[in-house]
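The numbering of the sequence shown is our numbering, which starts it at 739 and goes up by one.
Rather than coming from a laboratory, the hints here were simulated on the basis of the structure.
Be careful, since some hints might not be right.
Between beta-carbon pairs, the in silico distance windows are [what the hints assert, rightly or not]:
#1 R859 x V781: 56 to 66 angstroms
#2 M812 x P780: 48 to 58 angstroms
#3 R800 x F898: 13 to 23 angstroms
#4 G831 x S762: 56 to 66 angstroms
#5 V811 x G831: 33 to 43 angstroms
#6 F898 x W846: 11 to 21 angstroms
#7 R797 x E832: 49 to 59 angstroms
#8 E905 x D932: 46 to 56 angstroms
#9 S753 x R859: 50 to 60 angstroms
#10 A755 x F898: 52 to 62 angstroms
#11 L808 x N899: 51 to 61 angstroms
#12 A884 x R802: 40 to 50 angstroms
Beta carbons are placed, not taken as given, at the ideal position from N, Cα and C, and that holds for glycine.
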Amino acid sequence: MSEQRLPVQLECGASVADLLEQVSEGRATELTPHQAQCPYCPVTLSRLAASWRAVEHLRAERVRPSAQLLAWVMHRIRAGLDNRQVKLDGEPGETRISLAVLISLAFWAASAAPGVRQVFRARPSGRELSGNGRARSKRDRLVSSADLRIELELSIVYGFNALVVAEEVRQAVLDEVADMTGLQLAGVELTIADVD
739 MSEQRLPVQL ECGASVADLL EQVSEGRATE LTPHQAQCPY CPVTLSRLAA
789 SWRAVEHLRA ERVRPSAQLL AWVMHRIRAG LDNRQVKLDG EPGETRISLA
839 VLISLAFWAA SAAPGVRQVF RARPSGRELS GNGRARSKRD RLVSSADLRI
889 ELELSIVYGF NALVVAEEVR QAVLDEVADM TGLQLAGVEL TIADVD
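Make a model of the complete structure from these sequences and hints.
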């Protein structure tokens with residue numbers, strides 16, 4: 739048996755949307771002269787107020803985002819602060835890719851590997867070619883692709899062999915970066931920080 743839905747307009751001509759707005763503003767008991775005389779409006783206001791209590795209960799409930807979501811948001815914020823780049827092979831002209839893009843590729847490749855519960859952190863490590871750490875422009879922040887490594891910190895699913903998961907994560911990251919950019923990373927360094 740399905741619950742009967744309210745019409746868009748009551749028999750008296752009152753709009754249900756207007757009544758719902760009145761309830762949502764906390765004025766369900768503040769009847770207008772029409773509502774005080776009407777047989778339909780008070781009943782509808784009462785039904786709407788009862789339903790609206792469930793909405794208010796959900797609204798008041800404290801929502802805690804998952805650790806994975808928070809880790810990803812912080813990862814994206816930190817990635818935006820890093821303007822280091824790697825030069826890609828290709829002619830004619832020069833193509834550079836931000837290390838933030840490489841980190842995103844590594845993050846998603848590692849997250850999808852079998853046995854990985856969560857990737858906590860992904861960051862690059864490599865030697866800057868110029869700029870001595872004090873970049874004047876993005877062009878000064880070029881990183882050598884010859885010794886570029888990705889460092890990952892992750893948790894694995896209980897029951898999976900840590901060495902097997904580590905090898906699969908390494909291969910997934912190396913393959914993803916090579917497929918998407920043509921770069922051959924010097925390595926993928928892993929820290930398994932948790933088992934869940």
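Just tell me: holds or violated, for the beta carbon distance of V811 and G831 against 33 to 43 angstroms?
The hinted range 33 to 43 angstroms holds for V811 and G831, with Cβ atoms some 35 angstroms apart.
For the hint 49 to 59 angstroms, verify it against the beta carbon of R797 and that of E832.
52 angstroms, holds
Do the Cβ positions of F898 and W846 conform to the proposed distance bound of 11 to 21 angstroms?
Because 19 angstroms falls inside the window, the suggested range holds.
Taking the beta carbons of M812 and P780, is their distance inside 48 to 58 angstroms?
With a Cβ separation near 51 angstroms, M812 and P780 satisfy 48 to 58 angstroms, so the hint holds.
Status of the given 40 to 50 angstroms range, CB of R802 versus CB of A884:
Because 43 angstroms falls inside the window, the suggested range holds.
In this structure, is the beta-carbon distance linking G831 and S762 contained in 56 to 66 angstroms?
Given about 57 angstroms between the Cβ atoms, the range holds.
Range hint 50 to 60 angstroms: satisfied by the CB atoms of S753 and R859?
The hint (50 to 60 angstroms, Cβ to Cβ) holds, given that S753 and R859 are roughly 53 angstroms apart.
Go ahead and decide if the range 46 to 56 angstroms is satisfied by the Cβ distance of E905 to D932.
19 angstroms, violated
Has the hinted range 52 to 62 angstroms been met by the Cβ atoms of A755 and F898?
About 53 angstroms separates the Cβ atoms of A755 and F898, which means 52 to 62 angstroms holds.
Is the hinted range of 56 to 66 angstroms satisfied by the C-beta distance from R859 to V781?
Check passed, 57 angstroms falls within 56 to 66 angstroms.
Starting from the hint 13 to 23 angstroms, judge whether the C-beta atoms of R800 and F898 obey it.
Between R800 and F898, where Cβ atoms are some 33 angstroms apart, the hint is violated.
Regarding L808 and N899, is the given constraint of 51 to 61 angstroms on their beta-carbon distance met?
28 angstroms, violated
In the structure shown, a violation is registered for the earlier hints numbered 3, 8 and 11, in ascending order.
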